Amino acid sequence: EDQVTQSPEALRLQEGESSSLNCSYTVSGLRGLFWYRQDPGKGPEFLFTLYSAGEEKEKERLKATLTKKESFLHITAPKPEDSATYLCAVLADKLIFGTGTRLQVFP
Amino acid sequence: DAGVTQSPTHLIKTRGQHVTLRCSPISGHKSVSWYQQVLGQGPQFIFQYYEKEERGRGNFPDRFSARQFPNYSSELNVNALLLGDSALYLCASSLASVTYEQYFGPGTRLTVT
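Those sequence lines, one after another, are chains Z and C. Counting with our numbering, you get residues 34 to 140 for the letters of the first sequence. Counting with our numbering, you get residues 27 to 139 for the letters of the second sequence.
It should be emphasised that the hints constitute simulated quantities derived from the structure, not laboratory data. Since the structure is predicted, the reported quantities are computational estimates derived from the model, not experimental observations. Note that beta-carbon positions come from the ideal geometry of N, C-alpha and C, so glycine has one too. Be a bit skeptical, because a hint or two may be false.
Have a look at the derived ranges for each label pair, beta carbon to beta carbon [to be verified]: (1) Z:116 to C:41: 31 to 37 Å; (2) C:81 to Z:55: 39 to 45 Å; (3) C:53 to Z:94: 26 to 32 Å; (4) C:95 to Z:59: 23 to 29 Å; (5) Z:107 to C:80: 22 to 28 Å; (6) C:41 to Z:84: 42 to 48 Å; (7) Z:140 to C:79: 39 to 45 Å; (8) Z:116 to C:28: 32 to 38 Å; (9) C:106 to Z:72: 19 to 25 Å; (10) C:67 to Z:91: 24 to 30 Å; (11) Z:64 to C:96: 36 to 42 Å; (12) C:66 to Z:114: 34 to 40 Å.
One-sided excerpt, in silico: chain C residues whose CB lies under 10 Å from chain Z [as the list claims (entries may be wrong)]: (13) 29; (14) 34; (15) 56; (16) 67; (17) 69; (18) 74; (19) 84; (20) 86; (21) 117; (22) 121; (23) 131; (24) 132; (25) 133; (26) 136; (27) 139.
From the derived model, a few chain C residues whose C-beta atoms are all more than 12 Å from chain Z [stated by the list, open to error]: (28) 30; (29) 38; (30) 45; (31) 46; (32) 48; (33) 72; (34) 78; (35) 79; (36) 82; (37) 87; (38) 93; (39) 109; (40) 112.
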């Protein structure tokens, strides 16, 4: 069965304290892996698409990487405005989401 | 350019009633997908439509149905509402049927009492 697992469930960081979020997956026929940011009560906001192992994408303080079994979202020197839930989704025959990591960044 | 729009924003219904949710995709996008997101969980796939045809269906009962119109907007219908149908319903649009980047709307918050 296709599955996506994100860890940790919740993460509290001090402003400037870098960290990584993990997304591990088991899926047959991976066609792509997506990262989204979701603020409370809003729809997910697209961040990155990764298609093959070894691929990396960067945007401001965020960097996403992909291996054959997992993806990491690295957050460098986070700011309070980076506080949100970060969702990982894998595309096989449909888009399957993980349950997300709730990130809180304190000043 | 306008993003994905959904209506209504919030909705309160009683058990057993029927509900219709509406979605307008980004201009030029021909595929629309619907997701259900329960509090604390990731979105779960319900339907995908491309060029007015159903291209995918998730593990939801037949009470859930959808359609796509010639202008690529879409409706999600849910019959015989249950308390467990209370959730945020999200619509996402993408350029093509093979779903690359999907762009989500703000969602419709449905509460069933």
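For which of the previously enumerated hints does the structure constitute a violation, in increasing order of number? 2, 4, 5, 7, 8, 9, 11, 12, 14, 15, 20, 22, 26, 27, 28, 33, 36
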